[in-house]
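Residue numbers (the working numbering), protein chains in the order written: chain A, 1 to 270; chain B, 271 to 645.
What the hints contain is simulated information worked out from the structure, not anything from laboratory work.
Just so you know, these numbers come straight off a predicted model, no measurement behind them.
Built from N, CA and C at the ideal position, the CB exists for glycine as well.
Hints are supplied without guarantee of correctness; some may be wrong.
Claimed, not checked - Heads up, simulated DSBU-like pairs for lysine-lysine below, C-alpha to C-alpha not over 35 Å straight-line:
hint: 1; chain 1: A; residue 1: Lys255; chain 2: B; residue 2: Lys585
hint: 2; chain 1: B; residue 1: Lys437; chain 2: A; residue 2: Lys158
hint: 3; chain 1: B; residue 1: Lys495; chain 2: A; residue 2: Lys158
hint: 4; chain 1: A; residue 1: Lys262; chain 2: B; residue 2: Lys495
hint: 5; chain 1: B; residue 1: Lys560; chain 2: B; residue 2: Lys585
hint: 6; chain 1: B; residue 1: Lys451; chain 2: A; residue 2: Lys158
hint: 7; chain 1: B; residue 1: Lys560; chain 2: A; residue 2: Lys158
hint: 8; chain 1: B; residue 1: Lys291; chain 2: A; residue 2: Lys158
hint: 9; chain 1: B; residue 1: Lys450; chain 2: A; residue 2: Lys262
hint: 10; chain 1: B; residue 1: Lys291; chain 2: A; residue 2: Lys262
hint: 11; chain 1: A; residue 1: Lys158; chain 2: B; residue 2: Lys611
hint: 12; chain 1: B; residue 1: Lys466; chain 2: A; residue 2: Lys158
Claimed, not checked - Pairwise CB distance ranges, derived in the manner of DEER restraints:
hint: 13; chain 1: A; residue 1: Arg256; chain 2: B; residue 2: Lys291; range: 28 to 38 Å
hint: 14; chain 1: A; residue 1: Ala263; chain 2: B; residue 2: Thr301; range: 32 to 42 Å
hint: 15; chain 1: B; residue 1: Glu396; chain 2: A; residue 2: Val243; range: 50 to 60 Å
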Amino acid sequence: MKRFTWFNATSLTLGFAFLYLPMIILVIYSFNASKLVTVWAGFSTKWYGELMRNDQMLDAAWVTIKVAVASSTLATILGTMAAYVMVRGGRFMGRTLFSGMIFAPLVMPEVITGLSLFLLFKPIFTQMGAHTIILAHATFAMCYVSVVVSSRLVSFDKSLEEAALDLGCTPFESFRLVTLPIIAPAVISGWLLAFTLSLDDLVIANFTTGPDATTLPMKIWSAVRLGVNPQINALSTLMIGVVTIGVIIASISTKRAALRQKADEQAAAG
Amino acid sequence: MTLDVFAPWEDPTEKPLIQFKGVTKRYGSFTAIDNLTQDIYAREFFALLGPSGCGKTTMMRMLAGFETPTEGQILIAGQDMAAVPPNERAVNMMFQSYALFPHLSIWDNIAFGLRRMKMPKAQIEERVEDMLRLTRMTQFSRRKPHQVSGGQRQRVALARSLARAPKLLLLDEPLGALDKKLREETQFELMDIQEKTGTTFVIVTHDQEEAMTVASRVAVMDHGKIIQVSTPPKIYEEPNSVYVADFIGDVNIIEGAAHKTSDDGYDIKWAEGQEPIHAKTTAVLNEGQKAFVALRPEKISIAEEKPEGAVNAVKGKIIDIGYLGNISTYHVELPGGVMVKAQATNTRRLSRRNFSWEDEVWLSWTLTAASVLER
Ligand SMILES: Nc1ncnc2c1ncn2[C@@H]1O[C@H](COP(=O)(O)OP(=O)(O)O)[C@@H](O)[C@H]1O
Ligand SMILES: [Mg+2]
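Bound conformation, chain A alone:
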C-alpha cells in the first residue's frame, strides 16, 4: 500500500480542481438569486423555474433529445454491425483499409467532419434540420460505438456462435440469441457514449442544421454571446446532470460486464 503523502494529496486536489472547479462554479451560480452572474445574492431556484417557462429553451431541449436518441440508436446499430464484420468477417479484400477507415473519424477534426457532411447534405436534402443533424451525429458517433463493441467482440468465444449454429440457429438467430445478449453491456455503453456525444456537440450540429432546428448547445452558444444569464447556468447544470448519469450508468455496466466476463473465463478455465 502506498502512503498518502502531501505531494499526492496536492496533485490530486490540483488535478480535480482544474477539471471540476469551472463546473462547480457554474452549478453554484445556477442557484444564485441575483441576475448578475458574478455577484452572489443568496440561494434560489428561480432560474430553473424561469427555464421551464422559456419555450425557446424547451424547444431546443426537445430537439436535442430527439436528435440524441435517434442518432445514438442509428450509430449503435451501424457501429455494432461494423464491429461484427471487422472482428468476425475473417479476411476479405481491403479489410485493413476498411477497419482503418472506420476508426479514422476518431481523430478527424470536428470542423472538417462538419464541413464535409455539410457539403454532402447540401445537394441531397432540399432542407437541412433535425434529420440532417441525426445523420451527421450517427456518422461520427458510429466509430466510437464500433470501437467499444469490437473490443468486446475480440474476447468473445467464437465457439459459442458455432454451438448456436450447431443447435439449429441460422447465422442471424445465432447473433440475436447468443452474441447480442452477451455483448449487450458493451452495446449499451456504446449507445450511452453516442448519446452524450450528440448531446454536447456544437460544431457538427452547426454545420448540418437548418433554419428550424436548434439544439441546446447551439442555443447556449448564441445566448452567451449576448451575455451570460443565470438561466443558461441552470440549463448547463441540468445537462451536466444528464451526462453524469449517463457516464455513471455506462461505467457501471462496463464494470459489470467485465466482472461477468471474468467469471465466465474462470468458469471456462475451471
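Keeping the supplied structure of chain A fixed, place chain B with the ligands upon it in accordance with the hints.
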C-alpha cells in the same frame, strides 16, 4: 454358442453412416487432412486418436459443417454434405471448451436446440427433464453455467448436444478438463448413454487409454492421415506400424534383418553373436529386409535362470526398476546396449522380491508374442 458381436464394418451389406471420400483439407499451403477415405457405421463409437495438430478437430469440424473440404466428399447417410449448412445437419457437437451459453440457465441451455426445432412446449419440457435426469443435473437446472463445477458443465454440454437426438454426436476431447477419477467414471457414463440412445459417437482424444476404453473402433492419425483403424484389442495386439505400436501403450521396438524360416515365421537378426528373434507373422518380407520387432513389456517373462525350451531367450542386466504398486517395470540392458522394458505383476510383497538393480536376468517370450513390422 455364437455371440452377436457388433462389427458392421465386417459386413459388406451394411451401409456406412459417414463416408469420407478422398477428403483433403488445406489451410493455405498447409495440408491438415490428406486425401482421407474412411467409413463410419451407425451406432459405432468411433475414436480418433493422434498427437496434437494431426487433424482430429479438423475432421470433426468438417462433419459438423464448420469447415468445407478442399477436395473430396463427405457423405452422411448417403447424402453429400457439401451444400448443407451446420444448422441443417442431423449432427451435434460437444465442444472442447463446452461452449455453454453463459447468459442462459442450464435448463435453457439444454432447451436451446429444441426450441429451434419448433417443438411443442410440453414436449420440450419433457425432453429437457429427460436429459437432466440422464446426466444427473436435475437439481442444478436453474443455475447458470458458471455456478456449477467443471465436471457438471461437461455433463450439461453433453446433455445439450444429445437433446436433439442427433444421428451423429461429435465429441471433441470431451473429458480433457476432468481429473482421472471423474474421467473414468464419465467414460463409462458415455458408453452407457451411447448404448441407451443408439446414437453414433465420434470422439476425439489424445489419450490412448480413453480411446481403448470407450471405442468400438480406434483410428490412429498422423499428419492428416489415418494410419490404422481397428478394434481396441486388434490395434493393441496387431499394430500395422511402429508408429501405431508406439502410440498405443508401451512397446519395445527392436530393429533387425528378417530371414524366412521353415515354419512360416521369421528370424530377425538384431545383434552380432546373438540368437535371432523368432516370430510368427502374416506379413510377407523379403530376405534380409529391414524389420522391426514390436514387443509389449507385459508379454516378456523375467527369470533368474534360462527357461527350458523357450523360443526366445536373452540374457540382460537390470538397469532400473519402476515400481507402480500392482506391477513393476524392469529396464533391462541387452548385449549391444539395446534397452528392453519388461513388466511383471507384483504377486509378492516388496521385501520378498527376488530381482534387484545390476542383477543378471533372462528375458523370454513366445513365438507369437511379438509383431513383426515393416515400418
Ligand atoms: N483455421 C485454421 N487455419 C490454419 N491452420 C489451421 C486452422 N485450423 C487448424 N489448422 C491447422 O491444422 C492442423 C490440424 O489442426 P487440428 O485439426 O485442430 O488438430 P488436432 O488433431 O490437435 O485437433 C494444425 O496444424 C493446425 O495448426
Ligand atoms: Mg483439437
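Status of the given 50 to 60 Å range, CB of Val243 of chain A versus CB of Glu396 of chain B:
Check passed, 52 Å falls within 50 to 60 Å.
Take the C-alpha atoms of Lys255 of chain A and Lys585 of chain B, compute the straight-line distance between them, and say whether it is at most 35 Å.
violated (71 Å)
Going straight from one Cα to the other, do Lys495 of chain B and Lys158 of chain A come out at no more than 35 Å?
holds (27 Å)
Just tell me: holds or violated, for the beta carbon distance of Ala263 of chain A and Thr301 of chain B against 32 to 42 Å?
holds (40 Å)
Restraint status (C-alpha distance of Lys291 of chain B to Lys262 of chain A at most 35 Å)
Roughly 44 Å separates the two Cα atoms, so the pair is violated.
What's the verdict on Lys466 of chain B and Lys158 of chain A, does the C-alpha distance respect the 35 Å limit or exceed it?
Status holds; Cα separation ~32 Å.
Pair hint outcome, Lys560 of chain B versus Lys585 of chain B [Cα-Cα no greater than 35 Å]
Distance ~24 Å between Lys560 of chain B and Lys585 of chain B Cα, so the pair holds.
Run the distance test for Lys437 of chain B versus Lys158 of chain A: straight-line Cα separation, threshold 35 Å.
Given pair Lys437 of chain B, Lys158 of chain A holds - Cα atoms ~25 Å apart, limit 35 Å.
Given the hinted pair Lys262 of chain A and Lys495 of chain B, is their alpha-carbon gap at most 35 Å?
violated (39 Å)
Just to be careful, I want the Cα atoms of Lys450 of chain B and Lys262 of chain A compared with a cutoff of 35 Å; is the pair within it?
Satisfied, since the Cα-Cα distance of roughly 27 Å is no more than 35 Å.
Regarding Arg256 of chain A and Lys291 of chain B, is the given constraint of 28 to 38 Å on their beta-carbon distance met?
violated (51 Å)
Does the structure keep Lys560 of chain B and Lys158 of chain A at a Cα separation of 35 Å or less?
violated (49 Å)
Going down the numbered hints, you'll see the structure goes against 1, 4, 7, 10, 11, 13, while the others check out.
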